[in-house]
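Trainee: The chain contents come next:
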Amino acid sequence: MGQGDQLSRQFRPARLLPVLGVVPFLGYLLVFLVVPTLTVVVGAFVEDGRPSLAVVRDLADPAVLGSLTNSLVLSAVTALIGGMVGALLAYAVVTGPADGALRRLVTSVCGVLAQFGGVTLAFAFIATLGISGVVSVWLDQNLGTGLTSSTWLFSLKGLVLVYAYFQIPLMVIVFLPALDGIRVQWREAAENLGASTGQYWRMVGLPLLTPAFLGSLLLLFANAFAAYATAAALVSQGNPIIPLWIRSALTSEVVLGHANFAYALALEMIVVVAVVMTGYSLLVRRTARWLG
Amino acid sequence: MSAARSPRRSARTRLLVFRVTVLVLTGAFFVIPLLSMLDFSTRVFGGDGRTGAAWALLATDPLLRGAIGTSLLLSLLTVVGMLVLLVPTLVWVRLRVPRLGRTVEFLCLLPLTVPPLVIIVGLTNVTAWLSYLFGDTPSWLAFLYVVLVLPYAYRALDAGLSAIDVTTLAEAARSLGAGWFTVIVSVVVPNIRTALISASFISIALVLGEYTFASLLNFDTLQVAIALQSKSNAQESVAASLASILVAALLLVGLSFISGRRRSGRAVVATAVAPTPTGPAPTPPQEPR
Chain A
58 MGQGDQLSRQ FRPARLLPVL GVVPFLGYLL VFLVVPTLTV VVGAFVEDGR
108 PSLAVVRDLA DPAVLGSLTN SLVLSAVTAL IGGMVGALLA YAVVTGPADG
158 ALRRLVTSVC GVLAQFGGVT LAFAFIATLG ISGVVSVWLD QNLGTGLTSS
208 TWLFSLKGLV LVYAYFQIPL MVIVFLPALD GIRVQWREAA ENLGASTGQY
258 WRMVGLPLLT PAFLGSLLLL FANAFAAYAT AAALVSQGNP IIPLWIRSAL
308 TSEVVLGHAN FAYALALEMI VVVAVVMTGY SLLVRRTARW LG
Chain B
129 MSAARSPRRS ARTRLLVFRV TVLVLTGAFF VIPLLSMLDF STRVFGGDGR
179 TGAAWALLAT DPLLRGAIGT SLLLSLLTVV GMLVLLVPTL VWVRLRVPRL
229 GRTVEFLCLL PLTVPPLVII VGLTNVTAWL SYLFGDTPSW LAFLYVVLVL
279 PYAYRALDAG LSAIDVTTLA EAARSLGAGW FTVIVSVVVP NIRTALISAS
329 FISIALVLGE YTFASLLNFD TLQVAIALQS KSNAQESVAA SLASILVAAL
379 LLVGLSFISG RRRSGRAVVA TAVAPTPTGP APTPPQEPR
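Sequence order for the protein chains is A and B. To convert, take the position in the first sequence, counting from 1, and add 57; that gives the numbering used here. To convert, take the position in the second sequence, counting from 1, and add 128; that gives the numbering used here.
Just chain A, same shape as in the assembly (with noise of 0.2 angstroms):
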């Protein structure tokens, strides 16, 4: 079959046509996907109609930087703890039986976990540990805290506690199918080598579990940046974080004096979330090397 045999084949119609099938979906997602992102990221660079830097330059107003900086770290401490302790669940699950029922329970619960968030979850923890919640006031009888005065589950400690409510279970579900993809072959190699259970972990567990771990953690890094509706729920004043500075962009129209400032914080959004998806790829593709 000759090159340019192959060349006609291609851009013969009855080749073309099947893809036209495909054109629906394509026109649905052009507009409810790529055109918003477009709009943000062209929008965030213009402002009465002309190019200009006067908007992203708002993004270092000492009170959006801030703001920026709580998203970071609220997004990093509950994406450790989430990931520490989602890890040992994880770890506490895979030890069981493979086809056992606290596996599958385990699993069922932290998948239906793992999207409960917003107003539903705000709320839980409204009845527990807010003003007159159950725990709180428990805890103020018997152990004298304080906590019905305070209002530090409306802080950013208190979404820290709040978010890892869907972090464990998220890491539970990502880093489950990692932990088993390591073997028993490998412990059992290495235990007729003569290493202690410190060894293994030290020099094959734990170098294989790494970059699959590390992945995770970026992912719950990215949940929690982009999380918005437990946040929203629960703060009703102020804009600790960036979604919440979103939130008053969108519906006092006009903010630092600009209309187009909604725009420039989703781009700040879009930017820290593809840095941190990127990585992710490409640890995910580390991981399939051996845990795949």
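None of these hints come from the bench; they were simulated from the model. Quick reminder that beta carbons are idealized off the backbone N, C-alpha and C, glycines included. Treat the hints loosely; a few may be bogus.
Across the chosen pairs, the derived CB separations fall in these ranges [claimed, not checked]:
no.	chain 1	residue 1	chain 2	residue 2	range
1	B	Leu166	A	Pro81	44 to 52 angstroms
2	B	Phe234	A	Val261	32 to 40 angstroms
3	B	Phe234	A	Leu196	42 to 50 angstroms
4	A	Val92	B	Leu204	20 to 28 angstroms
5	B	Gly263	A	Leu218	53 to 61 angstroms
6	A	Pro154	B	Pro226	36 to 44 angstroms
7	B	Pro190	A	Trp209	32 to 40 angstroms
8	B	Thr141	A	Thr308	52 to 60 angstroms
Based on these hints, arrange chain B on the given structure of chain A.
Mentor: For chain B alone, coordinates are given in the frame of chain A:
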């Protein structure tokens, strides 16, 4: 013999202690808020005993009732939209344009990477058009929700399609004279019923819990109403929150049960729910030589 075994046995005991400790502690962290909600929503403030008043309000409060209706309608519209958009496309790609498979997968998983908040900021022009075309009704939110549920629905449907031999089924039907519409509707769809149900369940669960889009576009869906109601009656909001968690949990556990009845469904919920690809590493699409 016993000397060689005892260190192994002590290691096993240590593992057991570790597992029980971790499971009990994390279990408590997850269960206590749920129990607190139950306690909080049935408590009589300034008195003793229990009351179901907050729970009774779920059925009688007009704001909440209206919002539940809106959210149920939205989840129905979203499920229909998702199935109409996704099922024919995925079947078609498998049968006729497999070289677009990776592109479609990438696009379906893209909403996991773009935060919903970014979409809503960039959508102002599109939403202006939607409200111009369809009026001031929350129903058109379903267009946006289809994008939101896309990754999860895609995973469920893709798993279902991988489990059957679509090509052979389609060729058999085609050789008997069936058109493409018949192939999709009466040959492929009945064979991926489980996947369709899974995709629908997870979509319903997501729509019932959605807050970001609805609140920023000022529509009173269930979650928005729960947040509004807390200002006048916190107990009612907590009761409604607990109820919506239970419904979502029922849907998602039902999903794991349905898919678990079939072979190796252990990880189905996990794959359907995990917000980013956990499978093999995303590799760039290969250039045809």
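Trainee: It remains to establish, for every hint, whether it holds in the given structure.
Mentor: Against the structure, the hints:
1. B/Leu166 with A/Pro81: 44 to 52 angstroms: Hint holds: Cβ distance 46 angstroms, inside 44 to 52 angstroms.
2. B/Phe234 with A/Val261: 32 to 40 angstroms: Check passed, 34 angstroms falls within 32 to 40 angstroms.
3. B/Phe234 with A/Leu196: 42 to 50 angstroms: At roughly 49 angstroms between Cβ atoms, A/Leu196 and B/Phe234 fall inside 42 to 50 angstroms, so the hint holds.
4. A/Val92 with B/Leu204: 20 to 28 angstroms: Taking Cβ atoms as reference, A/Val92 and B/Leu204 lie about 26 angstroms apart, which means the hint holds.
5. B/Gly263 with A/Leu218: 53 to 61 angstroms: About 42 angstroms separates the Cβ atoms of B/Gly263 and A/Leu218, which means 53 to 61 angstroms is violated.
6. A/Pro154 with B/Pro226: 36 to 44 angstroms: holds (39 angstroms)
7. B/Pro190 with A/Trp209: 32 to 40 angstroms: With Cβ atoms ~35 angstroms apart, the hint holds.
8. B/Thr141 with A/Thr308: 52 to 60 angstroms: This hint holds: roughly 58 angstroms between Cβ atoms.
Checked against the numbered hints listed earlier, the structure breaks hint 5 alone; every other hint is satisfied.
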